[in-house]
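Protein chains: 4
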Amino acid sequence: MIRLEFSINLNYEIDSPGSDFIFIIQASQTNHQFIVSESLSVNQDIPLASYIDKRTHLRLLRLKGVPGILNLAYACVVDLDHYTAIPSQIYETPISDLPGEILIYLYPSRYCQSDFIKDIAVKTFGNMIHGYSRVQAIQDWVTNHVSFCNNTSTEHTTAIDTYLSKTGVCRDFAHLMIALCRALNIPARFVTGIDYGSDPILGPTDFHAYVEVYLDGRWYIFDPSGIAIPMGFVRLGTGRDAADTSIATIYGSVRGSTPIVSIKAIPNALGVVLIPEHVSRAISTDE
Amino acid sequence: MIRLEFSINLNYEIDSPGSDFIFIIQASQTNHQFIVSESLSVNQDIPLASYIDKRTHLRLLRLKGVPGILNLAYACVVDLDHYTAIPSQIYETPISDLPGEILIYLYPSRYCQSDFIKDIAVKTFGNMIHGYSRVQAIQDWVTNHVSFCNNTSTEHTTAIDTYLSKTGVCRDFAHLMIALCRALNIPARFVTGIDYGSDPILGPTDFHAYVEVYLDGRWYIFDPSGIAIPMGFVRLGTGRDAADTSIATIYGSVRGSTPIVSIKAIPNALGVVLIPEHVSRAISTDE
Amino acid sequence: MIRLEFSINLNYEIDSPGSDFIFIIQASQTNHQFIVSESLSVNQDIPLASYIDKRTHLRLLRLKGVPGILNLAYACVVDLDHYTAIPSQIYETPISDLPGEILIYLYPSRYCQSDFIKDIAVKTFGNMIHGYSRVQAIQDWVTNHVSFCNNTSTEHTTAIDTYLSKTGVCRDFAHLMIALCRALNIPARFVTGIDYGSDPILGPTDFHAYVEVYLDGRWYIFDPSGIAIPMGFVRLGTGRDAADTSIATIYGSVRGSTPIVSIKAIPNALGVVLIPEHVSRAISTDE
Amino acid sequence: MIRLEFSINLNYEIDSPGSDFIFIIQASQTNHQFIVSESLSVNQDIPLASYIDKRTHLRLLRLKGVPGILNLAYACVVDLDHYTAIPSQIYETPISDLPGEILIYLYPSRYCQSDFIKDIAVKTFGNMIHGYSRVQAIQDWVTNHVSFCNNTSTEHTTAIDTYLSKTGVCRDFAHLMIALCRALNIPARFVTGIDYGSDPILGPTDFHAYVEVYLDGRWYIFDPSGIAIPMGFVRLGTGRDAADTSIATIYGSVRGSTPIVSIKAIPNALGVVLIPEHVSRAISTDE
Chain H
0 MIRLEFSINL
10 NYEIDSPGSD
20 FIFIIQASQT
30 NHQFIVSESL
40 SVNQDIPLAS
50 YIDKRTHLRL
60 LRLKGVPGIL
70 NLAYACVVDL
80 DHYTAIPSQI
90 YETPISDLPG
100 EILIYLYPSR
110 YCQSDFIKDI
120 AVKTFGNMIH
130 GYSRVQAIQD
140 WVTNHVSFCN
150 NTSTEHTTAI
160 DTYLSKTGVC
170 RDFAHLMIAL
180 CRALNIPARF
190 VTGIDYGSDP
200 ILGPTDFHAY
210 VEVYLDGRWY
220 IFDPSGIAIP
230 MGFVRLGTGR
240 DAADTSIATI
250 YGSVRGSTPI
260 VSIKAIPNAL
270 GVVLIPEHVS
280 RAISTDE
Chain R
0 MIRLEFSINL
10 NYEIDSPGSD
20 FIFIIQASQT
30 NHQFIVSESL
40 SVNQDIPLAS
50 YIDKRTHLRL
60 LRLKGVPGIL
70 NLAYACVVDL
80 DHYTAIPSQI
90 YETPISDLPG
100 EILIYLYPSR
110 YCQSDFIKDI
120 AVKTFGNMIH
130 GYSRVQAIQD
140 WVTNHVSFCN
150 NTSTEHTTAI
160 DTYLSKTGVC
170 RDFAHLMIAL
180 CRALNIPARF
190 VTGIDYGSDP
200 ILGPTDFHAY
210 VEVYLDGRWY
220 IFDPSGIAIP
230 MGFVRLGTGR
240 DAADTSIATI
250 YGSVRGSTPI
260 VSIKAIPNAL
270 GVVLIPEHVS
280 RAISTDE
Chain B
0 MIRLEFSINL
10 NYEIDSPGSD
20 FIFIIQASQT
30 NHQFIVSESL
40 SVNQDIPLAS
50 YIDKRTHLRL
60 LRLKGVPGIL
70 NLAYACVVDL
80 DHYTAIPSQI
90 YETPISDLPG
100 EILIYLYPSR
110 YCQSDFIKDI
120 AVKTFGNMIH
130 GYSRVQAIQD
140 WVTNHVSFCN
150 NTSTEHTTAI
160 DTYLSKTGVC
170 RDFAHLMIAL
180 CRALNIPARF
190 VTGIDYGSDP
200 ILGPTDFHAY
210 VEVYLDGRWY
220 IFDPSGIAIP
230 MGFVRLGTGR
240 DAADTSIATI
250 YGSVRGSTPI
260 VSIKAIPNAL
270 GVVLIPEHVS
280 RAISTDE
Chain L
0 MIRLEFSINL
10 NYEIDSPGSD
20 FIFIIQASQT
30 NHQFIVSESL
40 SVNQDIPLAS
50 YIDKRTHLRL
60 LRLKGVPGIL
70 NLAYACVVDL
80 DHYTAIPSQI
90 YETPISDLPG
100 EILIYLYPSR
110 YCQSDFIKDI
120 AVKTFGNMIH
130 GYSRVQAIQD
140 WVTNHVSFCN
150 NTSTEHTTAI
160 DTYLSKTGVC
170 RDFAHLMIAL
180 CRALNIPARF
190 VTGIDYGSDP
200 ILGPTDFHAY
210 VEVYLDGRWY
220 IFDPSGIAIP
230 MGFVRLGTGR
240 DAADTSIATI
250 YGSVRGSTPI
260 VSIKAIPNAL
270 GVVLIPEHVS
280 RAISTDE
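Residue numbers (numbering that gives the first Met the number 0), protein chains in the order written: chain H, 0 to 286; chain R, 0 to 286; chain B, 0 to 286; chain L, 0 to 286.
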């Protein structure tokens with residue numbers, strides 16, 4: 000069991016009165032991602048409203064800022080106790096066995112137009128043996144065919160754009176993998192979180208976007224960007240694509256500065272510091 | 000209180016074994032759209048699974064057909080007892096007061112890319128007095144600027160396409176109105192239903208796509224197509240856009256014929272036959 | 000030398016006075032496509048203007064119709080005396096040797112957005128040996144990956160749409176092949192013509208869209224649709240894509256009926272009837 | 000008569016042998032833009048090829064660079080002796096009177112998809128009195144509705160994108176104006192040049208993109224960006240849109256630095272220094 004301590008600091012300058020903010024910066028709480036402690040402080044004396052989506056465990060933090068500086072500081076200690084499974088034993092759930100609330104993750108969404116990419120997905124992956132290995136093949140295909148490159152994509156960039164340009168950032172990798180999975184009738188969704196990156200090689204931790212795919216009755220983690228360690232992901236927001244899971248949605252005239260994110264592994268309940276590492280087993284923090 | 004008796008008959012020829020079907024053909028059940036009786040018969044001797052989405056009241060009917068002919072016959076008697084309100088008294092709910100589960104209807108979706116149309120929406124409707132009248136202005140704008148024309152749009156056609164081409168069918172009118180509302184931070188969603196159309200002027204009843212907009216704590220009905228009588232809509236599926244609410248989603252090699260839909264107003268609990276008509280009050284079948 | 004006799008009949012009903020028509024229905028005249036005789040008759044007593052584009056040999060026929068019926072009947076006898084070459088001896092012209100007026104055929108155009116498909120083109124065809132065989136590989140790839148299917152594309156459909164949907168008509172096949180060639184820095188252009196199709200297997204003759212690729216100092220004919228016999232093509236319009244080469248561009252309120260096209264092989268100057276057939280040599284009617 | 004002395008310096012670092020360059024940096028020569036003197040120096044000892052497009056007067060400079068540094072220095076003294084006319088006396092040329100070689104400027108192109116914007120153009124400008132004033136209304140509409148903003152558009156951005164986002168740079172303003180004109184059957188084309196900007200208010204001179212519209216038998220200059228003085232434009236490249244008129248098209252692995260452009264008004268043949276200024280007359284450097 001990995002214990003991570005992380006913090007997120009956000010700073011804004013608000014011009015217009017009554018600017019609404021919707022944040023997704025708090026860790027989701029599941030049986031496999033367990034919140035040990037957390038704290039939230041906001042410099043303005045304003046009411047905070049929270050909302051938890053029961054289906055995805057996403058937590059919204061909402062507030063109406065007043066003109067001036069707005070600081071949010073969120074800190075959290077979280078235990079990651081992944082469900083793991085052997086890839087070769089994980090099947091694709093037949094459509095008829097998919098729970099009703101999972102079906103929306105089969106349909107196209109704003110950034111994942113699986114309807115447009117169906118032919119390509121079927122031609123490339125349609126004849127592979129169904130199961131975890133096929134999804135891993137999709138993930139590897141995206142990792143190998145798309146180049147990570149800042150400033151090549153925008154907030155409007157879709158899976159189709161990325162399929163054509165073959166460049167993007169983690170969000171774009173995720174959208175493309177999701178579109179390909181859905182085109183093959185495999186439920187897939189978009190996750191924003193933070194990655195464990197506080198070492199010299201990986202560089203500093205940061206927000207990250209990755210994928211969860213529903214296989215064999217459970218959502219498994221995939222990282223098509225290939226630049227992070229899935230076992231170190233702390234899950235914040237979960238939705239159909241980036242449209243649902245923005246770290247901060249802001250209504251009003253507001254300027255922001257770069258978020259400050261930090262993370263470290265700390266001694267767990269047994270007093271042992273475990274560092275996230277690449278593993279060959281399939282992992283999940285579902286439910 | 001309007002009492003409607005309607006039926007939907009669907010016929011398919013199935014080639015491949017194990018073809019999955021997901022139907023949204025059953026009436027949603029709310030306090031204002033109350034199911035008096037219903038029946039469903041399927042000619043194949045196969046298990047049927049149903050799922051009700053608690054948030055939208057959408058009902059999925061799922062089955063795995065076997066090769067051969069598949070017939071579904073659904074019949075229903077439904078009471079429409081609309082919640083009504085005076086338009087001038089209906090306010091737009093401030094973002095900060097929107098319930099958490101409503102927020103997804105502010106975000107762009109597959110066919111309603113509100114992010115692309117923000118500038119146009121703000122320039123056209125941004126300075127209007129907020130409230131039901133503004134949404135009605137959006138509806139009227141769509142009705143007046145888009146021409147109803149079969150075969151000008153496809154399954155891929157989006158709100159942006161319709162904004163540019165200014166032609167489409169009811170689904171396209173609905174997508175464009177939804178995109179405009181969301182671009183103005185007004186929650187809006189897509190509804191499929193059947194309309195009351197069994198008279199000489201309106202032509203036969205059929206499946207219809209329309210819009211619900213969240214105002215003042217409630218989802219109100221709008222019909223940007225302008226070709227039907229909102230008071231006669233029986234609500235079947237509700238979602239972000241057409242991607243969520245297909246009458247029939249089919250996985251497999253299947254040929255279908257045109258659905259047969261019929262409807263008539265029958266004596267209500269008081270023994271009176273009330274015919275849907277255009278009304279000036281705002282109407283809702285929410286919850 | 001093949002001698003073909005063909006005719007094109009066009010019929011319109013004109014509502015608005017002063018409707019402008021621009022036709023491209025006359026055979027281009029080159030050293031290898033030689034007009035033996037031709038006639039044009041128009042039922043309205045109106046002036047006809049013609050324009051020949053010196054670079055492409057495209058001939059425009061322009062007129063201003065008056066309300067009522069407009070009939071055009073064009074008949075032509077043409078000798079096709081193809082330049083032919085052995086594919087393995089045809090090189091790709093280096094960019095620096097391309098004549099200045101050819102360069103525009105390297106750039107993206109309305110329906111052939113080669114800029115969007117560069118990565119895909121390079122990954123798929125970039126490592127092949129340069130020359131006619133590479134272009135043939137592109138042609139074969141399009142033929143094999145795209146399905147010919149009426150009513151799946153519209154006047155707005157582009158090479159990218161076709162690349163994704165993998166369905167279309169001859170125009171779409173041509174646009175995709177052109178986009179792929181340009182993405183690899185091979186000049187390619189769009190041609191409309193009529194095909195020789197008056198036999199039981201090929202079905203009736205009709206307008207056709209195909210491709211010319213500039214190799215080794217000459218424009219060679221390619222037919223990615225794979226449904227016709229290139230040796231039987233009579234070239235009418237040549238341009239960057241379908242935007243330049245419409246059979247009929249009409250300004251005004253006009254209704255048209257299906258064009259009537261007929262063709263047959265007739266005795267050539269030597270008194271021999273030669274029928275177009277598939278050949279392994281590269282062919283050109285350039286200049 | 001304005002006499003301008005300008006220079007363009009381009010610097011590249013070439014990695015791959017045989018990198019092809021196609022430049023459009025030399026002033027077009029017309030009766031109204033007359034080259035008094037010019038010089039070109041290239042630091043590499045390589046052959047230069049030039050090509051003049053007779054229709055547009057665009058001049059291509061082509062070379063194959065060798066690895067290392069490549070410097071180009073072009074200097075030119077040019078006399079601008081504009082053809083001018085009174086706007087209210089300039090008519091739109093009827094389609095039937097448009098010269099054949101002008102027609103391609105009516106058709107959609109890569110970045111100016113006039114086919115998609117027809118409905119909008121007709122609704123907004125269709126009922127205006129035809130003539131120069133209508134084109135000026137289109138120009139003013141673009142100037143007033145689009146915000147000049149760097150880094151909001153990319154090389155793929157089209158007129159439709161700009162119409163929706165309402166932001167862009169001079170190239171995007173030009174594409175949108177061109178698409179609107181063509182949608183109204185008014186020939187319009189894209190021009191790259193340099194502007195006269197060496198004063199404290201306008202900032203330094205730079206490359207600029209603007210529009211020419213064919214009215215009354217002549218191409219007139221329009222500047223929808225509204226940030227420059229049309230009378231001070233020196234025309235370099237002319238084409239259907241930015242796809243045809245890139246300052247530098249490069250094939251190979253090459254890094255470039257920001258071009259250095261300078262301009263100043265110098266004494267003309269009469270010894271008088273005339274400074275470009277805004278004028279109310281229509282101006283043209285055509286032919």
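Don't read these hints as lab results, they were simulated from the structure.
Note that this is a predicted model, so its numbers are computed, not measured.
Heads up, some of the hints might be wrong.
[Said to hold, decoys possible] Subject to a maximum C-alpha distance of 25 Å in a straight line, what follows is the list of computed BS3-like cross-link-like pairs (lysine-lysine): (1) R:Lys-165 to L:Lys-263; (2) R:Lys-53 to H:Lys-53; (3) B:Lys-53 to H:Lys-165; (4) H:Lys-165 to B:Lys-122; (5) R:Lys-122 to L:Lys-122; (6) H:Lys-122 to B:Lys-122; (7) H:Lys-53 to H:Lys-122; (8) L:Lys-53 to B:Lys-53; (9) B:Lys-53 to B:Lys-122; (10) R:Lys-165 to L:Lys-122; (11) L:Lys-122 to L:Lys-165; (12) B:Lys-165 to H:Lys-122; (13) R:Lys-122 to R:Lys-53; (14) L:Lys-165 to R:Lys-122.
Evaluated hints:
1. Between Lys-165 of chain R and Lys-263 of chain L, the direct Cα distance comes to roughly 49 Å. Violation of the 25 Å bound is thereby established for this hinted pair.
2. A distance of roughly 12 Å separates the Cα atoms of Lys-53 of chain R and Lys-53 of chain H; the hinted pair therefore holds under the 25 Å criterion.
3. Among the hinted pairs, Lys-53 of chain B with Lys-165 of chain H is inconsistent with the structure: their alpha-carbon atoms are about 40 Å apart, more than 25 Å.
4. Pair hint Lys-165 of chain H plus Lys-122 of chain B holds up; C-alpha atoms about 11 Å apart against a cutoff of 25 Å.
5. With a C-alpha separation of about 17 Å, the suggested pair Lys-122 of chain R and Lys-122 of chain L falls inside the 25 Å cut-off, and the hint holds.
6. Of the supplied pair hints, the one linking Lys-122 of chain H and Lys-122 of chain B holds, its CA atoms being roughly 17 Å apart against a limit of 25 Å.
7. A distance of roughly 37 Å separates the Cα atoms of Lys-53 of chain H and Lys-122 of chain H; the hinted pair therefore is violated under the 25 Å criterion.
8. About 12 Å separates the Cα atoms of Lys-53 of chain L and Lys-53 of chain B, which keeps this hinted pair within 25 Å; it holds.
9. About 37 Å separates the Cα atoms of Lys-53 of chain B and Lys-122 of chain B, which puts this hinted pair outside 25 Å; it is violated.
10. About 11 Å separates the Cα atoms of Lys-165 of chain R and Lys-122 of chain L, which keeps this hinted pair within 25 Å; it holds.
11. For a cut-off of 25 Å, the pair hint linking Lys-122 of chain L to Lys-165 of chain L stands: about 18 Å separates their Cα positions.
12. Simply put, Lys-165 of chain B and Lys-122 of chain H have alpha-carbon atoms about 11 Å apart, close enough for the 25 Å limit, and the pair holds.
13. In summary, the hint linking Lys-122 of chain R to Lys-53 of chain R is not supported, as the alpha carbons are separated by about 37 Å, beyond the 25 Å threshold.
14. For the suggested pair Lys-165 of chain L and Lys-122 of chain R, the alpha carbons sit about 11 Å apart, so the restraint of at most 25 Å is met.
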